[in-house]
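Asker: In case you want the letters, here they are:
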Amino acid sequence: MDQDHKKLKESPFPCEGLEKVLSFIDSHKDRSSASLVCKDWYDAERWTRSKLFIGNCYSVSPEIVARRFPKIKSVRLKGKPRFSDFNLLPQDWGANVHAWLVMFAKVYPSLEELRLKRMTVSDESLDLLARSFPGFKALSLSSCDGFTDEGLKAIATHCRTLTELDIADSVTVDIGGGWLSCFPEGFASLEILNFASLQCEVSFDALERLVSRCRALRVLKVNESINLEQLQRLLVQVPHLTGLGTGSFMQELTPRQYEGVQSAFSNCKNLQVLSGLWDATSLYLPLVYGACASLTFLNLSEADLRSGELAKFLPHCTSLRRLWVIDTVGDKGLEAVGLSCPLLEELRVFPIDPYDLDNRQGVTEVGFLAVSRGCPNLNYVLYFCRKMTNDAVATIVQNCPDFTHFRLCIMNPGEPDHLTNEPMDEAFGAVSKTCTKLRRLSVSGLLTDMAFEYIGKFAKNLETLSVAFAGSSDRGMQCVLEGCPKLRKLEIRDCLFGNAALLSGLDKYETMRSLWMSACNLTIKGCRLLAKEMPRLNVEVIQDEWSDETHANKVYVYRSLAGPRQDAPPFVLTLGGEDI
Amino acid sequence: MLSHLNLEATELRLGLPGSDDLPSTNKRPSPEDHQTPPAPKAQIVGWPPVKSYRKSTAAAKSAEAESGMYVKVSMDGAPYLRKIDIKLYDGYSHLLTALEDMFKLSIGEYSEREGYKGSEYAPAYEDKDGDLMLVGDVPWEMFMSSCKRLRIMRGADARGLASAQH
Chain A
1 MDQDHKKLKE SPFPCEGLEK VLSFIDSHKD RSSASLVCKD WYDAERWTRS
51 KLFIGNCYSV SPEIVARRFP KIKSVRLKGK PRFSDFNLLP QDWGANVHAW
101 LVMFAKVYPS LEELRLKRMT VSDESLDLLA RSFPGFKALS LSSCDGFTDE
151 GLKAIATHCR TLTELDIADS VTVDIGGGWL SCFPEGFASL EILNFASLQC
201 EVSFDALERL VSRCRALRVL KVNESINLEQ LQRLLVQVPH LTGLGTGSFM
251 QELTPRQYEG VQSAFSNCKN LQVLSGLWDA TSLYLPLVYG ACASLTFLNL
301 SEADLRSGEL AKFLPHCTSL RRLWVIDTVG DKGLEAVGLS CPLLEELRVF
351 PIDPYDLDNR QGVTEVGFLA VSRGCPNLNY VLYFCRKMTN DAVATIVQNC
401 PDFTHFRLCI MNPGEPDHLT NEPMDEAFGA VSKTCTKLRR LSVSGLLTDM
451 AFEYIGKFAK NLETLSVAFA GSSDRGMQCV LEGCPKLRKL EIRDCLFGNA
501 ALLSGLDKYE TMRSLWMSAC NLTIKGCRLL AKEMPRLNVE VIQDEWSDET
551 HANKVYVYRS LAGPRQDAPP FVLTLGGEDI
Chain B
1 MLSHLNLEAT ELRLGLPGSD DLPSTNKRPS PEDHQTPPAP KAQIVGWPPV
51 KSYRKSTAAA KSAEAESGMY VKVSMDGAPY LRKIDIKLYD GYSHLLTALE
101 DMFKLSIGEY SEREGYKGSE YAPAYEDKDG DLMLVGDVPW EMFMSSCKRL
151 RIMRGADARG LASAQH
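First to last, the sequence lines map onto chains A and B. Just so you know, we're using UniProt numbering here: the first sequence kicks off at 1 and counts up by one. Just so you know, we're using UniProt numbering here: the second sequence kicks off at 1 and counts up by one.
Chain A on its own, in the form it takes in the complex (with noise of 0.2 Å):
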């Protein structure tokens, strides 16, 4: 063993042949693992690094991320929880991007790329990126809120090399659309343009002229002010597109029209992604059908179509590997998915009638069962319901045992099996068996600590997972928290865990991302002994009318090397060990 060492020691591997090296690896998991190898690869590994990822903003602060990487051209950011998305978190929790900026604005001057998911991003901020880095290439903004079209234009009008702008769904409702009459005249760089969840007009001009010029165009997702033969004249452009959002399909064609919109459809040639297709009908929907033949991703979670019109669409997408729905298809439109979607990888049945207003029936495991049947590749699957049966789901998994994603949504809290009347333990636990690949698993319906049990035993490669409305005991939690090596980010709400749940998780909150538990039984006093063990956990209690002196309603507990936020609210009490 000594000699080896020695050996080394004589024939240090040169550091520009490790850098060299380590510039091939892009994956920030691999180059984590490589900086711990020793002093001289940790150097290596910070020199050469220049995609940035952190995933929770406030696990690091802006200071030491500067400090120890120099060179970083593009930067994955997240922020808030994931529950905000369903309006958990109260407005100004946090998570404001424009400290991050201000540091890349004096730090790296080369930034290209910003990618963004769940931060508040302000028009201030927006317009000091456009103004801070010349080279300025790909914004993409997920989830985000924050900025109004002022920002918008901003970057229209300043970043000269723009390739790529996504807004994807950020919240819109504050953003007109005049921003996309900024675009100089001379500006022709775009690849990538998503305003798809726009609510306002644009001006079609401008549109179309930004189109005419961006011969590069690849992705353009238009919002539903576009109507169909706005978009006829678009594709006509650039039917070379891989991925379009189409606009509106409600609209009176003369046949004459009907035939040049379906002409320039069919000319697209390479797309492989497709969604919009808002207020499509039986009679229109046929226009796309001759652009579908390479497509392999088809979101029709805006289009309520029925079961007949998805089983005429569908023979035309041969090569489909992820579908998006919505509910309003039926079980009769999820066996016709699993008669034509045989390179089926993932689906996803959104609800039509999430708050059950209108009592409509929606999909059960019928159409999950005949999905499974004929799509034996399926790996990811978010599954909206209000009735599934424990037989179902192992019959399901049976067919299907590759999934890395299992979410299933029953949507009445606290549902047993329609069929037997007992709770769902058994589903989740034949998942949890027999996925040996499963990474994300979000349960539902009735369940007692068993289901937890089934995780904790056999969900060995589980990194995140959503409880609702669960559980019986303090020991369902723990049994997650002691039996699930790689748990990343655990999200619990309205379930029974209390103190002794908590704390049970001690040593492992510090190898996760982040614990999020709301409307569960914990106090103050319960967050402040783990706040006191933990001193490198931020344990933070969000305050909101459920919460008083001794009731704790909001939790977000997450590693940080940054120590407590600087930034948070009056609302947000960040607890530290020191006055239990």
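Accuracy of the hints is not assured; some may be wrong.
Stated by the list, open to error - In silico EDC-like links for lysine to aspartate or glutamate, alpha-carbon gap of 20 Å or less:
no., chain 1, residue 1, chain 2, residue 2
1, A, Lys117, A, Asp174
2, B, Lys72, A, Glu252
3, B, Lys51, A, Asp356
4, A, Lys332, B, Glu112
5, B, Lys128, A, Asp304
6, B, Lys72, A, Glu302
7, B, Lys72, A, Glu224
Hints listed in this document are in silico derivations from the structure and should not be mistaken for laboratory results. Note that the structure is a prediction, hence the values are computed from the model and not measured.
Since chain A is already given, all that's left is putting chain B on it; use the hints.
Answerer: Same frame as chain A, now just chain B:
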């Protein structure tokens, strides 16, 4: 219900926390209690977990309730849909005149027994239960709250509808 928390809530037992307090969310009106409106369903914040970039759908729905009641209108044989705000009309005759104008057709006289006899088209609507009903059969207020979608049917098809209901 959350303000009644106590340590007994961590006791080992089956069932939801405070399940005694939760209003029943599974009540579906059975054929017998057609007369009584269904119990209002308890809405839980952020549940089910559906994202909406149009602000929360509940907020959007209540905003809609304040501003208008939009329903889609289709006409048999026509390739397009229209959307109208029922709230703008103060009664059936007002609505029907508007539909006649919009679709350039004539609807004709309504009678309880014979529906829209003698006209080429008749207006029908899909109600909350998904049933197809002839427009005019129920009081205007009830129609406004139960109409989900309007459909202008050919007279011949609608006649079947009228006779089925009477």
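Asker: Now look at each hint and say whether the structure bears it out.
Answerer: Verification of the hints:
| no. | hint | in the structure |
| --- | --- | --- |
| 1 | A:Lys117 to A:Asp174 | holds (19 Å) |
| 2 | B:Lys72 to A:Glu252 | holds (14 Å) |
| 3 | B:Lys51 to A:Asp356 | holds (16 Å) |
| 4 | A:Lys332 to B:Glu112 | violated (37 Å) |
| 5 | B:Lys128 to A:Asp304 | holds (16 Å) |
| 6 | B:Lys72 to A:Glu302 | holds (16 Å) |
| 7 | B:Lys72 to A:Glu224 | holds (16 Å) |
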